[in-house]
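A.B. asks: Chains as they are written, first to last, in the numbering used here: chain A, 20 to 111; chain B, -8 to 193; chain C, 4 to 580; chain D, 198 to 433.
Heads up, a few of these hints could be off.
In the DSS-like style, the derived pairs of lysine-lysine whose C-alpha atoms are separated by at most 27 Å in a straight line are [to be verified]:
no., chain 1, residue 1, chain 2, residue 2
1, A, 84, B, 17
2, B, 118, A, 26
3, B, 17, B, 91
4, B, 17, A, 26
5, D, 317, D, 369
6, A, 26, B, 91
7, B, 17, B, 118
8, C, 519, C, 447
9, D, 327, D, 303
10, A, 26, A, 84
11, C, 522, C, 447
Hints are computed from structural coordinates only; laboratory data are not their basis.
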Amino acid sequence: MEAAEHKAPNYIAIWGMLAILTVVEVAIVYFRLPRRLTVVSLVFLALWKALLVALYFMHLRFEPKRLLYIVLAPLPLALILVVAVMHGFRGP
Amino acid sequence: MTAHAAAPSVGHAAPAQGGVGVYTQKVGMWVFLVSEVMFFTALIGSYIILRWGTGAQWPDPRTVLAIPITALNTFILICSSVSMVKAYAAATRDDQAGLKKWLLLTVLGGATFVSVQAYEYHHLIEKGFLPSSGVFGSAFYTMTGFHGFHVTCGVISMIWVTVRAFRGRYAGGNYRGVETIGLYWHFVDLVWIILFTIVYLI
Amino acid sequence: MTAHAEAVAHAAHDDRSFIRKYVFSTDHKTIGIQFLFLSLFFLLVGGLLAMGIRWQLGFPGQAMPLGGWLPQSVAPGGVVAPKTYNSLVTMHGTFMIFFAVMPLLVGVFANYLIPLKIGAPDMAFPRLNMWSFWLMIPSGGLMLASLFVLGGSSAAGWTVYAPLSATPDYSGVHLGQQLWCLSIVIFGLSSLLGSVNYITTVVNLRAPGMTWFRLPLSVWALFITAVLAILAVPILAGAVIMLLFDQTIGTHFFQPDVGGQPLMWQHLFWFFGHPEVYILILPAMGIASDIIANGARKPIFGYSSMVYAMIAIAFLGFVVWGHHMFQSGMNPTLASTFMVSTIVIAVPSAIKVFNWLGTLWRGNIHFTTPMLNALAFVSMFIIGGLSGIFMASTPVDMYIHGTYFIVAHIHYVLFGGSLFAVFAGIYFWYPKMFGRQMSERWGKVHFALTFVFYNLTFFPMHILGIGGEMRRIYDPTVYDFLRPLQPINVFITINAFLLGLSQLVFAANFIGSLFKGEKAERNPWRDTGLEWTTASPPPHGNFAETPHVYHGPYEYSVPGMDDDFLPVTTPPTGRAA
Amino acid sequence: MHWWFPSNASSVGGQVDSLFYVILYITGAVFVLVEAGLLVFLVRYRRRDGRRATYVEGSTRAEIIWTTIPAVILVSLALFSQPLWSRIKSADTYPPNADHLAVEAKQFEWRVTYPGPDGKLGTDDDFMQKDELHLVVNHDYVIDLTSRDVVHDFFIPAFRIKQDAVPGMLIKVWVRPTVVGTYELACAELCGLGHYRMRAQVVVQTDSDYAAWLRSQGQATSSAPAASPTAQEGTP
């Protein structure tokens, strides 16, 4: 029932991937792309990196589904909070 | 229930009815991490909200913060995450030498990260960028400060785990302690990935 | 079953030292009882503060009885000063919510009941559990200390709205507010450790046969409450830390002049605050469900819909926080969204009320003291729930927001709801906790006095609110339109004092029964639950051998059986376990 | 003895009150039915020796009924409330020809800025009056509500109007008084130790009375800042 049952992922490859993504992020900032494009691509890259860490380093990919539900529970709430408050301020 | 009952640091182990099929410390750590997600939501969310509300007056982080050195620091933290996961892999194989080596590297990585952050703070404060320097200063120091606090706690517990490893407490495939602390460690790394992007880059 | 053999060995000869057994104990039962004494003490503190509030409102500007004993800066000539009044209001709310009702419901009953009711020898992390209690000492201590520091305690209301709370110049409170923040952060840590424990214990330590849908509703409620706490309390901790930094290191999170957002405090606070309301009522619902089924000698009506209703309340509880902020200057379109979600959350609450009525229907109702309190919970929760509908409607809320109508509503939910359930729970599980029965006769006297004076105190507050009386007003007679309402205030004050005095009956019964109470048997209420299959009080390790569960939690009056209850451990063949 | 709503004096107050009564009648009926049901059950099914409770675990049909009925009633209440709410609080639905006033809340007073004879805010002839709000009856006003220090709440019970004043925000409040008279403006959000005495007078006047008052103010402001006659605080 424990983690030992699955084949260990190639941690060094994921490490390389994370390093490359970080370099790309910093490069985007210094390229001074249009603001919106910068924000969208940076958020995308950050989520990609976060997902790599969660799925492989924290081996969520190999855990039972029910644990995954526990882990995912706070994310919609966090999103609701931030989005609602951002729109809570009165328009000009 | 022989191997499973041998879990350390729990008073009693009872036969689980179903559950999520995961041992107790791991469930506990994940539940704790869920609450940590909400804690950082309060901090990161406030940053996003304040920045959204302030609009164009927000300073460009590139002009205030030193991005290259922080990018390097990010890399160091990612490295320590890899060494952590290597330590866990060594523990599952009962490779005691590997476990000790990778744990030491992890402690080193975490300590380096905190030191670089302390240096960065020192540098910024000398430049006159303080927690009272506008909303950006407030949010920057609170967010990175609390992340640094988490890393520091992580380093301290990692030292404790390393000492235990040298005493042979994780021998014989008893990797649970290493895995549980590793989850915390990776979580702190994950938060930094988000923080670095939001505070330094965007 | 090595672990259980160990537990049994423990039970047989308990060789823990005095300190390990009674002070720094990791036994969930001891910790639950420690929480009970601590939170009853804070209930007393909060109640005394309330008496101060009521005196000033009933007899504004007159010297308080014994008020001459207070320092001149607090009560010149025995008369409550305006700032003291604001402190009283703030600290009454703070103590009652964070240090009395929440630990009474969660600290006491979650700790004491969860392992016993699911058949576990202890919590998943007994040592963390001990820390969860011992962190309450510095937390409560700091909060108490803040009453005595220079500048007084926090005076910005229990909701500590920024920037009044964030800027000492505005409130005149310096150290008091900082201690408040520090105390709440430590409280958050304590609550977090407790909740991690409760969740993990319920998930992983259920006895064989104790499936999710055989869990008693009290355990379901406490589990869902712990989930709410895990998700909501960290937001409060984060917000309070920002507030603390605003006061101490000069940050500007809630200071509008440099780009901070005062409304952000309200959003963060109520994102915690509304789930907190359900943290305070869900365990009460669970406790009342257990006791009502026991008192009516009937299975709970619609067990699974009760569970789903609680899950729905928990989820919806996170998307209704804006209804505390309808008049706050929030975008009115967003307010409409919150109105709809608020209206929707009333439905599961209604389902629960009807299910309790359905449980009583065609029952054989035993009017024991716990049952009377549980019934009072239901009938008072109906009033509290219905008065909430007025606030959900945004235009009506525009008038009653911030008036005594709100005060009446919150007390119908938190006192009429939660506290009656707490009393029910204490009367019900006292024999299990201490091995002695509380006096039924004095219990009924206490119940009758509390029920009557409680209603005479809080029901007229609805009328005050409709008359437009604002809450947190030091002297309502300043306003012409409030002066005619003053007789109601006098009436409320007198009844509030009588309500306070009635609690002496409870105190005497509680303390007296510790020494003089009739020795309790294993199962004095003829209940089906697992906790009643072990000794009263249960030994260290709880059960002599791992219990096995064969039935749902509420098998009362099963046809064809001699007894009118079927313990969950009785094997289906009828043979004794 | 007046132990109910203060009499209404604004255009929206009547509708707010009606909505309140609708909810009161519905919840009142539910209250009576449910509590009566509870009492009947308690008496009818009280403990009697030799009788057993009936073993019933639930009824899906009953539960569907008592889920649906409250849901329908509650959702229709929300639909009922919505139009009134957006008319009162959404700035884009306010009457376009309304007069503008500015009210700034500060600890512990209300500072009302009138546009002066030219009818425009932000010009030289604006004048400020402490703790006194003069309005012409049957006239639309949009009040620019701000706060200088902490969160206050602009509450005129007779108008059934309540709106927080938040530092750093400008919130527009629409009022249309309909009855001549003197009313009270209260602060309904704890704002510090003088919160309880943060009270102002609302004077609703006829057109001619208002004009006369405006003229007297013009004279007063030309020499010295207006000293409000009601500025002195304290218990009456």
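A.B. asks: For every hint, state whether the structure bears it out.
C.D. replies: These are the hints, each one checked on the structure:
Restraint check for residue 84 of chain A and residue 17 of chain B: the C-alpha separation of about 14 Å stays at or below 27 Å, so the hint holds. Restraint check for residue 118 of chain B and residue 26 of chain A: the C-alpha separation of about 50 Å exceeds 27 Å, so the hint is violated. Restraint check for residue 17 of chain B and residue 91 of chain B: the C-alpha separation of about 22 Å stays at or below 27 Å, so the hint holds. A hinted pair counts as satisfied when its Cα atoms are at most 27 Å apart, and residue 17 of chain B with residue 26 of chain A qualifies at roughly 20 Å.
For a cut-off of 27 Å, the pair hint linking residue 317 of chain D to residue 369 of chain D stands: about 16 Å separates their Cα positions. Note on residue 26 of chain A and residue 91 of chain B: the hinted pairing holds, with a Cα-Cα distance of about 22 Å set against a maximum of 27 Å. The suggested pairing of residue 17 of chain B with residue 118 of chain B is violated, with an alpha-carbon distance near 44 Å, which exceeds 27 Å. Taking the CA atoms of residue 519 of chain C and residue 447 of chain C, the gap is about 18 Å. The hint holds against a cut of 27 Å.
Restraint check for residue 327 of chain D and residue 303 of chain D: satisfied, since their Cα atoms lie roughly 11 Å apart, inside the 27 Å limit. Between the alpha carbons of residue 26 of chain A and residue 84 of chain A the distance comes to roughly 18 Å, so the proposed pair stays at or under 27 Å and holds. For the suggested pair residue 522 of chain C and residue 447 of chain C, the alpha carbons sit about 19 Å apart, so the restraint of at most 27 Å is met.
Violated hints, in rising order: 2, 7; the structure is consistent with all others.
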